[in-house]
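Visitor: Order-wise, the sequence lines are chains P and D. For the first sequence, our numbering begins at 1 and goes up steadily by one. For the second sequence, our numbering begins at 1 and goes up steadily by one.
FYI, nobody ran anything at the bench for these hints, they're computed from the structure. Bear in mind that the values here come from a model prediction, so they are computed numbers and not experimental data. Do not rely on the hints blindly, as some may be mistaken.
To be verified - Not everything, but these chain P residues come out facing chain D in the computed CB check (under 8 angstroms):
| # | residue |
| --- | --- |
| 1 | T12 |
| 2 | L64 |
| 3 | F66 |
| 4 | S112 |
| 5 | R115 |
| 6 | G121 |
| 7 | R156 |
| 8 | S160 |
| 9 | R162 |
| 10 | D167 |
| 11 | F168 |
The beta carbon of each residue, even a glycine, is placed where N, CA and C say it ideally should be.
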Amino acid sequence: MFTYSLQGLELTADVSGPLEVEENETTARSAVYQVLGAFFAASPADAADGERWSKELAEAATLLPFAFEVGSVAVPNGTSSDDHAAEHDRLLGGSALLGGAARDDRDAEIASVRREYEYFGLASSDEAPRPADHLATELDFLQYLCFREAATPSPRLVASFRRAQRDFLVNHVLDWVPGFVAATLAAGAGQPLAWALERLDAFLAADHDYVVARLGA
Amino acid sequence: MHSEDVIGLPRSEERASEDTYRSRWTWESVGWGTHCVDCYPGNCPYRVYSSGDRVVREEPSGTFDTVEEGVPDANPMGCNKGACWSQQLYDGDRLLHPMRRVGERGSGEWERISWDEALTQIADSMLDAIAEGGPQSIVREGTPEVAAVFPTDRFFNVFGGRTLDLHPSFNDFSIGLHETFGKWNPASSADDWFHSELILIWHMNPAFTRIPFYHYMLEARYHGAEIVSISPDLNASHMHADYHVPISSGDDAALGLAMVQVILEEGIADTTFIREQTDLPCLVRTDTRRYLRASDVRGGGLARDDQLFHWDPEQGLVEADRGNLLLHGREVALSGSYEVTLANGQTVTVEPVLAMLERQLQEHYTPELSQAITGVHPDMVRMIARKAATSRTNIMLGWNSCKYYHGDLIERAMCLLLAVTGNWGKQGTGIRSWMIGMADGMFTLMVKTLPGVEGAEQLLAAQEAGTAMMRAADPSITTEEIAVRELSRTLARVQLGEEGTMGMRGSPPAFWWYWQGNYRERWNNPEWGDTSLPRTFDEYFEEAIANGWWTGLDEPRPEDPPHVLIECGGNMLRRTRGGATQLGPNLWDRLDLIVSIDFRLNFTGLNSDIVLPAAQHYEKVNFHIPTSHTMRLTLSDRNVTPAGEAKPEWDIYRLLLETFARRAAERGVTEYGNGTGATFTPADMADRYTLNGYLTGEDQVADEIIRDSVYVGTLPEGTDLARMREVGFERFIGWGTSPYALAQASPIEMEKTHSPFRNHVELGDPFPTYSRRAQFFIDHPWWTEAGEDLPVHKPNPRSGGNQPLRMTSGHNRWSIHSMNQANPVILQTHRGEPLVEISVEDARARGVADDDLIRVWNDITSFRARAKVSPGVRPGQIVSYNGWDGHQYADWKGANEIEAGMVKWIAFAGGYGHINYSMSEWQPIPVDRGVPCDFELDPTPTNDGR
Chain P
1 MFTYSLQGLE LTADVSGPLE VEENETTARS AVYQVLGAFF AASPADAADG ERWSKELAEA
61 ATLLPFAFEV GSVAVPNGTS SDDHAAEHDR LLGGSALLGG AARDDRDAEI ASVRREYEYF
121 GLASSDEAPR PADHLATELD FLQYLCFREA ATPSPRLVAS FRRAQRDFLV NHVLDWVPGF
181 VAATLAAGAG QPLAWALERL DAFLAADHDY VVARLGA
Chain D
1 MHSEDVIGLP RSEERASEDT YRSRWTWESV GWGTHCVDCY PGNCPYRVYS SGDRVVREEP
61 SGTFDTVEEG VPDANPMGCN KGACWSQQLY DGDRLLHPMR RVGERGSGEW ERISWDEALT
121 QIADSMLDAI AEGGPQSIVR EGTPEVAAVF PTDRFFNVFG GRTLDLHPSF NDFSIGLHET
181 FGKWNPASSA DDWFHSELIL IWHMNPAFTR IPFYHYMLEA RYHGAEIVSI SPDLNASHMH
241 ADYHVPISSG DDAALGLAMV QVILEEGIAD TTFIREQTDL PCLVRTDTRR YLRASDVRGG
301 GLARDDQLFH WDPEQGLVEA DRGNLLLHGR EVALSGSYEV TLANGQTVTV EPVLAMLERQ
361 LQEHYTPELS QAITGVHPDM VRMIARKAAT SRTNIMLGWN SCKYYHGDLI ERAMCLLLAV
421 TGNWGKQGTG IRSWMIGMAD GMFTLMVKTL PGVEGAEQLL AAQEAGTAMM RAADPSITTE
481 EIAVRELSRT LARVQLGEEG TMGMRGSPPA FWWYWQGNYR ERWNNPEWGD TSLPRTFDEY
541 FEEAIANGWW TGLDEPRPED PPHVLIECGG NMLRRTRGGA TQLGPNLWDR LDLIVSIDFR
601 LNFTGLNSDI VLPAAQHYEK VNFHIPTSHT MRLTLSDRNV TPAGEAKPEW DIYRLLLETF
661 ARRAAERGVT EYGNGTGATF TPADMADRYT LNGYLTGEDQ VADEIIRDSV YVGTLPEGTD
721 LARMREVGFE RFIGWGTSPY ALAQASPIEM EKTHSPFRNH VELGDPFPTY SRRAQFFIDH
781 PWWTEAGEDL PVHKPNPRSG GNQPLRMTSG HNRWSIHSMN QANPVILQTH RGEPLVEISV
841 EDARARGVAD DDLIRVWNDI TSFRARAKVS PGVRPGQIVS YNGWDGHQYA DWKGANEIEA
901 GMVKWIAFAG GYGHINYSMS EWQPIPVDRG VPCDFELDPT PTNDGR
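Excised from the complex, chain D in its bound form (with noise of 0.2 angstroms):
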């Protein structure tokens, strides 16, 4: 039966329809891709169809491969994002040629100018610069894009720029974490979620933020497990949650610290797990509220200052082992006082850390004393304790509770729950950050100055001596820890210059906003800060400076201003703290050149002097950010020719240097220093960035990767871009060197899930933290000062204002950051502009209507945006999903201008074990929840976009 005789239609037209999809769903050519900006973990290999040159569509291939018999495979692997992207690839804000502004910065007025053109302006403003104050003049923020972020940071290696430790810029540091283990990345494979017997989701909304993975999560529960959703306001990940635990804004602390008290009342703490892995069996001297150490006990000299002790009921004062952590069934002591005589004579009274926390516990976070803080029953926390007590239980924390102002807090008291039940280790079980690693060519490819396997070799050997040598300073320290602090810690301090290709300047950006972008005044706000604290920000701030604690890294100061901002990938004025309203009068205006490297015209673009097109995924070679919770390191290939002008991020970069050498022997600039002694030669620098033309193009520099991560040994044998052509994806075989790889502290087995930490407590291998042990109590003086030495529950600062709500936040359903919010597709699955989610009891109280505008504001200023009126919203409570542009906005004034930019003042501290500054590691953050705020109809309802 033909169609005409069901629909009527004449045969031609059916036909002419049946065209229309036929010519769209056709294609010519079909090759891998994925996306990688920041969408974490993500690594969803998709098959991308092209045609004429032009991508035409994509898919989830469903191509991973079962890791364990009996637990779920992680395909189709891919959501509505990554479904539709290729729709960015052609839509109206793609960058498709170099751009110059001719108005006023954010005018919008530009003319369109040809690569030479752009790239020699940023030549001569770059040698200016470097005339004025230095290469180290010459900024950059940047990407966790790894086709972006390599190739940024082998060129600033190679001409001496300032790059900013990019960490705090977006803030995913899980800073509790970083207080407890000493590292803040455990990241077990999504697939070990499924071992899982209790799941918390806290601070998390897995189903927005993990579509890809989401599924384990249902899969455990469908085989036993029970889920918990612990947050202020109903979110998605509430419906398929057996209980929720409705928590005020920011007060998980005490909830957490209640159910660890309930636990240890009830007797029904893993005590041996406890003795092991922790440090609440040591020794605590009441005197001084201090650890006793050994520098106590046998004087100063050779002891050292951070061995700590145990009470064992056989033998008295034994040392706390520094090497390793197994116990072999001695219980020593986690309650009593005891008599210890010191070097001085003098005796005093210790306890282990566990009997002050008890005791803190009892007085202050039973559940009923928490209800008052929390709003939680009670009965609901004691039930939550019984379970996670005896439950395999695995916190899924998202990155969420670190960007409160005690996010630190609330961090170590769900580590504390996890310490009190036995759960981190085992499958199944822990709590979770990010991590990147194990792609091993990523790194040597940012430093290596020979080409090919003696370029990795020789990286790997200079390691191994330096790992030697610590080794041999300290017999008892770990590899990881070498990797996750000593190594890392040295590295950051390292300017080679010419000699290596370690020429760039790192900085922690808390120095960058603190003299450059003139946060000082805010973070000098008495009111903005802990009130509890006896002095000022800049009497802690001044202190770490005079300390020495950042010595080297406390730059830029005042006296040497930045003079070019290179952004690649990033999108700074949207992602800092303070937007616009704090970086533009102070940091914007100063600035002779801003450039801005990116495949589509984003807020920082729009405020910037040029543009320069970069291709997108499916345009050039590239790989997802590789980590422990895929396993595998996923390809994203060319598929077709990056559109317009638009140029790999490689390949711009060796261009520029190109040009700025040029430049630099027309201008008769043949070196230049950077101020610490190293010299830089325009001349050799293209050489040097492509070892003299050894990596010609993407091709090489990824195959380069790959076969240097073979030879590291994180890769199969044999793996190359041929072999990562054919199958789109290899997983992964060994941890490598990089510090986040082994802060997993487990072993690969390749027919096992991943779960982070059974080093520990299957080897005992000691944390890298002061005392190698998982660690609540610390002693830093500023922690005892600020009454933080053991977790407790601290209110969240009014930074901002002493407005009645706060403002939260999170990432939304429709993008990864910024980077798909005006994906045509995804804009009609929503509202498609700047919205706030508001209570219905707030709405009502101030005449609000759903969809009306809004006008939200606090003290250092306001945002408009659509009202939606939503009863999962918490009275009290307004929620801007993370996202949206600021030129989505009215004004170009989004969300992220009235927050404060707040970091905790004592963040600053140093000098204590893995208290102390690493790369991407322990620095202040700044703080972007509980922003105080409130909303009225907006008053100029004419000006609303619409």
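In isolation and in its complexed conformation, chain P is listed as follows (with noise of 0.2 angstroms):
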């Protein structure tokens, strides 16, 4: 069974339906987005387990319908907890990770993104709070929309969250995050963030290609 685990949001709403489905083709979409975004929530200490995220990810990744890499993560030997740290500020730091600072107005962007999670029953968390534009929530709300479209009875509610899914995307993630990943990259990101960069990247773009076709069918 899959359990979908917010960390940056919190539902707002009684939700209908189950809080957790057999695992599924979508479940595996949803677990993907979760493992992700908890990559990129972690702490430098946690992300510096490359180990450990490359065989979340491969478990995490096992049912979904489309092609998709995980590949493997090698630390470099000698690399200490510092190193990792500083690593994690020099690339992660500021606003690196927050897509409202890749556009003009911020505010607006935060506005925009958390209208979209209030439309779907979902507020920034109190106990985790994270702002809202942040990488790892917006990939907390992903989570979120895969596993209600697989949860939910209604295939009007299943349309609506595939559709939710390709226009978020569009309008927010991949709107900033495949910049946000070649400037990280092209700035030296050593290992595992730039597996997982890698990983994010080709994630989006085929999510997005699979929603997409989804609909269109």
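Got two chains here, each in a separate frame; can you build the complex from them with the hints?
Guide: This is the structure:
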């Protein structure tokens, strides 16, 4: 069984339907978003455990309906936790992980993504405060939409959740993440960050194509 | 060359002059605006220019796209009112602060108070009212304005107040269309008029009232169409018509029936259309003058009472299919008489409705006979009838006919003309009323209990479950009929209380007027009603109650008086037929508190206890009424901060609920009921109103409306408030689930104009009537008793007295109702004060000259206004255009004071298919056309106010 696990967001309303569902192609997509979101929300120390992340991502991706190379990650010997922390701060510190920072008007972007979360029954979590435009929050949202697509018995809601995934990818995530990934890699990201960035970039592109194709069908 | 060389001004002075204009036409921001208070169909997209948090001007955007190749686009979409709307934002009657009266009601003495003081007093009065008579003793009438209506609905739902069905209050219910089609609201897109070959402007004056759309008629004319203007007076729409038919006021049914007589007699009727679309082939028993029913033929038990029959020349007696109208070439009988053996062994003679109709027309409505009624020459009747029979004919109907006592008969005759000429369900044909729909998010927002997509889904799922249940009970029923009749009827009687948000009690206002406004007295005046009826008004009324036709709706009873009236966006004293003369002593004086929420101090506000300033267009997020006339959702955005202390209605109600909860707690009120078992807890009402804080403000509310509409499938994917703010409007892509949208019964084709009823013609979808057809024979016992089972002409009753003149009305050119009557720019474009138009002959006979102050009177009372002596007005008629507010007249007595507010007595009927109440549909409506009156030179000229 697959259970979604929100970190930066929380439910604001009674949501009909189950809280866990049998694993399938759609929960696999949700699971990948969950792992990727967790990676970019993790502390530098946690994020440094490349073996763990690659294993979790591989497990999550088992039932994916499209080809997705998880690959492996090899963290160079001798990299200290301080090195990881410094590297993390250098590449992901400041506003690097904030989608709104990549736009002219961050406030407008935050309002926009917040409204998306709200309409689908979510709000920023009080227990795990994180900016609404943080990469991990946005991936959290996609995780939730995929889970709801898998869990709802209503064909109308299924279509709505799919459209929401496509629109959120196009209007928000894909609008800034590819640039962020390219810039961070160009800035010399080491492992496992480079691996995670490449997996993120590849997965977003593949998932977008998949969702668009499903909607077209 | 410099300008001083030409005009000789020193350059500095010229610059000062230029700078004045530069300053005036300088702006800092541009947004979208439109004018949503029942300027119907409206939806004109305007660009609004603001500077220093103040609107400086507006102009039509001209941005609507072309829909169908070869058909003109709608641009520029605008009118004189819209072009200077912003002037009203800062005009003298603008409400800027909460105010409380300090003198008698209507004394004009006010004090400015804080929002907290105002809301606390209202909350206390509400609590007093609840203690005295339950929450249902807090009443509202309302407005069609989108930004006001859904917060008001939600507010009343949350605390359990009583809401009056608004439709009869403004009386645009095309009752004859309802009697014929089971729905009153076909509304083609305005560009569809271009496809017409013959346009009958009939009970309408589009040159005044449809300024943004009137060009389609002229373009149709350049495209080859002919325009016929049918009206007693020579109004402005006559100017561009090919023919004017000068008909005596209110006698239009006779004209319509005479045209039908010609068409049938000359054999130029569309018999295939008649057979498939109408009840005219259905068989009627000659012994009872009632339909032959399955219960007659097969006995009672399981036989449907509403299963009717055709006569097939080959098969004999056949059931008239209730599931599909198409006959696939079968020519069921339209004439002749036939013998049928009933279940009880009796043999009876039956004949098609059309055979009865033809006899009646021949006996009473030949063109020559009708001339005695209408004054229209028979040659004119024949000419137009022949044109209608051979053309794509479109009846441009306003909401004038429905305001006559026998307006239903007039409209039934119009529909009959279209039926025999095959003129609906095709582009450029049909008849029009109004509709609101498609922006389904507006409706979900009134009642949703969960935020976001889950709340929308919950409502849709519930509606689908109800639909499935009804379809299981009757597999032949269509989704349209379920939506139009069954679901809305069920909803009208549902009061879910705290478990849902449908806590308010809905009431057809006829009972409000009867019990609480003492209209009982007027309606029972035997000389003011239909004198051809054999019984008194109260005999019909009491029979309707006894039959249970209004059970649960016939409120508020005398023992359940109202205590608080909250009028939001409406103007009850101006609008109500009978006005303050009737409502004042009977209702107004008994109310403990009257609250008016509006952007301006109108007549009702002037007679209220507390007035609350509401934000106006350009100051709040709003949409125009979504309608198939334009097929677009149009945004009016918050371009500037509301003037003074004004607030959007959404915020006003939220604050009121918070204050209500505070005062309830301080007074120890934790819970109350409404007498039907539902309970309400003040402490959580604000949370329920906002869905626990989810709907924090007007942006969220507007976005929710759009997103829910996308979810239902009426707006394109990806549409949200941000998108609307970019483009200003969005074209609808689907009908959604609302009754009036489904009643269009046509596909939406994105590159084609919209013409209603195509599904009836092309697919054979049945109509939501008793017979499942366009129904011209109504064998409800009251119709039989009234002699109206078939369309007939009846003279207009003398509701108000036996005076020789008849007052008619219509919308004027200068205002949408009373909204713009005080606009400083508009006032300069006409005489600027209340007037009535009178004929040269009637003026001369009474010694009245143009611009004299006259007293117009009947048995009820009188009012005074300027005389506009016009050669366009027919002798015997006076025209009092709608919209002047009561306080603009001398003595604060407007034209509505001499209106009796009579309702058609048999409109209290029920228990017969579509002759049954459902929200905004079948019910009694007051009339105000053809009011008996006379006038004289004002005997008190020193009091003329000049």
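Visitor: Now look at each hint and say whether the structure bears it out.
Guide: Each hint tested on the structure:
1. For P:T12, the interface hint holds, the least distance from its beta-carbon to any beta-carbon of chain D being 7 angstroms, beneath 8 angstroms.
2. Because the closest C-beta pair between P:L64 and chain D is about 25 angstroms apart, greater than 8 angstroms, the hint is violated.
3. This hint is violated: P:F66 has a C-beta 23 angstroms from the nearest C-beta of chain D, more than the 8 angstroms allowed.
4. The closest approach between the C-beta of P:S112 and any C-beta of chain D is roughly 6 angstroms, which is under the 8 angstroms cut-off, so the hint is satisfied.
5. For P:R115, the suggested interface contact is upheld, since its CB lies about 6 angstroms from the closest CB of chain D, less than 8 angstroms.
6. Contact between P:G121 and chain D, as hinted, is supported at the beta carbon level, the nearest pair being about 5 angstroms apart and thus within 8 angstroms.
7. About 6 angstroms separates the beta-carbon of P:R156 from the nearest beta-carbon of chain D, less than 8 angstroms, and the hint is met.
8. The beta carbon of P:S160 comes within 6 angstroms of a beta carbon in chain D, closer than 8 angstroms, and the hint placing it at the interface holds.
9. Proximity of P:R162 to chain D is violated relative to the hint, the smallest CB-CB distance being about 10 angstroms (cut-off 8 angstroms).
10. The restraint placing P:D167 at the interface with chain D holds, with a minimum CB-CB distance near 6 angstroms, inside the 8 angstroms limit.
11. Because the smallest distance between the Cβ of P:F168 and any Cβ of chain D comes to about 11 angstroms, over 8 angstroms, the interface hint for this residue is violated.
Going through the hint list in order, the structure does not satisfy hints 2, 3, 9, 11.
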